[in-house]
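Peer 1: Can you make the complete structure from the sequences, with help from the hints?
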Amino acid sequence: MRNDLIIVVVVITALAFDFTNGFHDTGNAMATSIATHALGPRTAVALSGILNLVGAFLSLSVAATIASGLVETNLVTPTVVFAGLAGAIIWNLATWYLGIPSSSSHALIGGVIGSMIAAAGAHAVQWQNLVAKVIIPAALSPVIAGLIAATGTYLVYRISKNTGSQGFRFAQVGSASMVSLAHGTNDAQKTMGIITLALIANGSLPAGANAPFWVILSAALAISLGTYIGGWRVIRTLGKGLVEIEAPQGMAAESSSAAVILLSAHFGYSLSTTHVATGSILGSGLARRGAEVRWRVAGRMASAWLITLPAAGLVGAGSYALANGVGGTAGVLVTLALLLAVAGFIYLRSRGSTVNSANVNTEWTGTVAPGATPPAAVTV
Amino acid sequence: MDKWINLTAIWQILVVGLLAGAGLPALVAIGLRALATPGDVTVAPGPARVTVAALCFAIVLAAIGYGIYLIVKGGH
Chain A
1 MRNDLIIVVV VITALAFDFT NGFHDTGNAM ATSIATHALG PRTAVALSGI
51 LNLVGAFLSL SVAATIASGL VETNLVTPTV VFAGLAGAII WNLATWYLGI
101 PSSSSHALIG GVIGSMIAAA GAHAVQWQNL VAKVIIPAAL SPVIAGLIAA
151 TGTYLVYRIS KNTGSQGFRF AQVGSASMVS LAHGTNDAQK TMGIITLALI
201 ANGSLPAGAN APFWVILSAA LAISLGTYIG GWRVIRTLGK GLVEIEAPQG
251 MAAESSSAAV ILLSAHFGYS LSTTHVATGS ILGSGLARRG AEVRWRVAGR
301 MASAWLITLP AAGLVGAGSY ALANGVGGTA GVLVTLALLL AVAGFIYLRS
351 RGSTVNSANV NTEWTGTVAP GATPPAAVTV
Chain B
1 MDKWINLTAI WQILVVGLLA GAGLPALVAI GLRALATPGD VTVAPGPARV
51 TVAALCFAIV LAAIGYGIYL IVKGGH
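Chains A and B, in that order, give the protein sequences. With my numbering as the guide, the letters of the first sequence map in order to residues 1 to 380. With my numbering as the guide, the letters of the second sequence map in order to residues 1 to 76.
I should point out that these hints are in silico values taken from the structure, not numbers from a laboratory. Just so it is clear, the structure is predicted and the values come from calculations on it, not from any experiment. Be aware that one or more of the hints could be misleading.
[Said to hold, decoys possible] Derived Cβ-Cβ restraints for the label pairs, each shown as a range: (1) A:Asp4 x B:Val15: 47 to 53 Å; (2) A:Arg289 x B:Val15: 24 to 30 Å; (3) A:Trp127 x B:Pro45: 58 to 64 Å; (4) A:Tyr347 x B:Gly65: 39 to 45 Å; (5) A:Ala122 x B:Leu61: 49 to 55 Å.
[To be verified] Selected chain B positions facing chain A (in silico; Cβ < 10 Å): (6) Trp4; (7) Ile5; (8) Asn6; (9) Ala9; (10) Ile13; (11) Leu14; (12) Leu19; (13) Ala22; (14) Ala29; (15) Ile30; (16) Gly31; (17) Thr51; (18) Leu55; (19) Gly67.
For each residue, glycine too, the CB sits at the ideal point set by N, CA and C.
Peer 2: Right under this line is the structure:
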């Protein structure tokens, strides 16, 4: 049953997913602070990276793995985990390329469920838990976060009457730091859980074991490194694309995000920080007079959220079919090669329209990459 | 119904969320407003205003500390 080569591949793939999770979600915490110039872009991602690292170590209650309660864990094999991660990584990279803040958690859950169905059939999935613990909270959380952020924004503007903008920038950085900390705790643990699950499935760890220290350390490092690299495309969409953001509004949005994420974790809901952060930013935009909300951008995000679970699931199922079809270690290696090829392709495509710390705050003209508009639209 | 959706949790998340997520920013705004003397920016705010601001910021900091405590405790 034990296969050490496959488990090494699974661990590396899980850390790669953790890395994409980091850079995909930098914007959740830092997009508003970057947009209002409360922090320089480089400083913001460095701060968020460090806080993610600290957050990953703050709480070590890794008992709740992402898969337990969603799939029949005794049917999980390392190959199932690998194929699920492949689905999640490809979905994360594709949405990053398009600058869409979609949920890394949903990508991971979708990928693992897809590969689980391909491996053992639909009965291996606990559908009711999936709806009650993932889908319903995902639908409600952006609305609740938006409502709180809108209330906060309304109050702040009623009270402040444009006084003390510098103080608000300071407070905004504080609230964004809380979101980063909560993100490190929540999302790094998801990867720790998935690696532990694979190690148990391989027989490397006894059933019910906690994550070993090297798993905690490597997952914490991978997510904070990813955060530090900065998903500039997603940051730009959240900070500039969705609404125009001022410092008091950004503070209200991040406070709402931090409150909703921490409270939900307290009640045992593992929410998508992305859904919460986006809902908050949208809500803060609705409540500030004169802030234009770009509904086309919001609509694009919402449709991406709807298809995240099934899309990552399809890629996960396809990856499992390929790995299982070729069979054994060779099957996993062939799938890994394909995954690397797709990832490389998306990365090369992104080079054609770079978004980085230098142009992340450029005025929004309808595209993720500044200057990517057709030449006909440019008036000289 | 309870199997699908925990209304008690949602209700509490909404209420406590409003207190923390919207109330704390409002306190920051009150504190900053108290420190900003209307009209003349060269005049320092009086002791009453400073006290109000300090109280607001102290509550906010305490709430943040409690938030970090919740993270360390690890949910549930």
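Peer 1: If a hint holds in the structure, say so; if it doesn't, say that too.
Peer 2: Do the hints match the structure? See the list:
no.	hint	result
1	A:Asp4 x B:Val15: 47 to 53 Å	holds (51 Å)
2	A:Arg289 x B:Val15: 24 to 30 Å	holds (26 Å)
3	A:Trp127 x B:Pro45: 58 to 64 Å	holds (59 Å)
4	A:Tyr347 x B:Gly65: 39 to 45 Å	holds (42 Å)
5	A:Ala122 x B:Leu61: 49 to 55 Å	holds (50 Å)
6	Trp4	holds (5 Å)
7	Ile5	holds (6 Å)
8	Asn6	holds (7 Å)
9	Ala9	holds (4 Å)
10	Ile13	holds (5 Å)
11	Leu14	holds (6 Å)
12	Leu19	holds (8 Å)
13	Ala22	holds (4 Å)
14	Ala29	holds (4 Å)
15	Ile30	holds (6 Å)
16	Gly31	holds (8 Å)
17	Thr51	violated (17 Å)
18	Leu55	violated (15 Å)
19	Gly67	holds (5 Å)
Going through the hint list in order, the structure does not satisfy hints 17 and 18.
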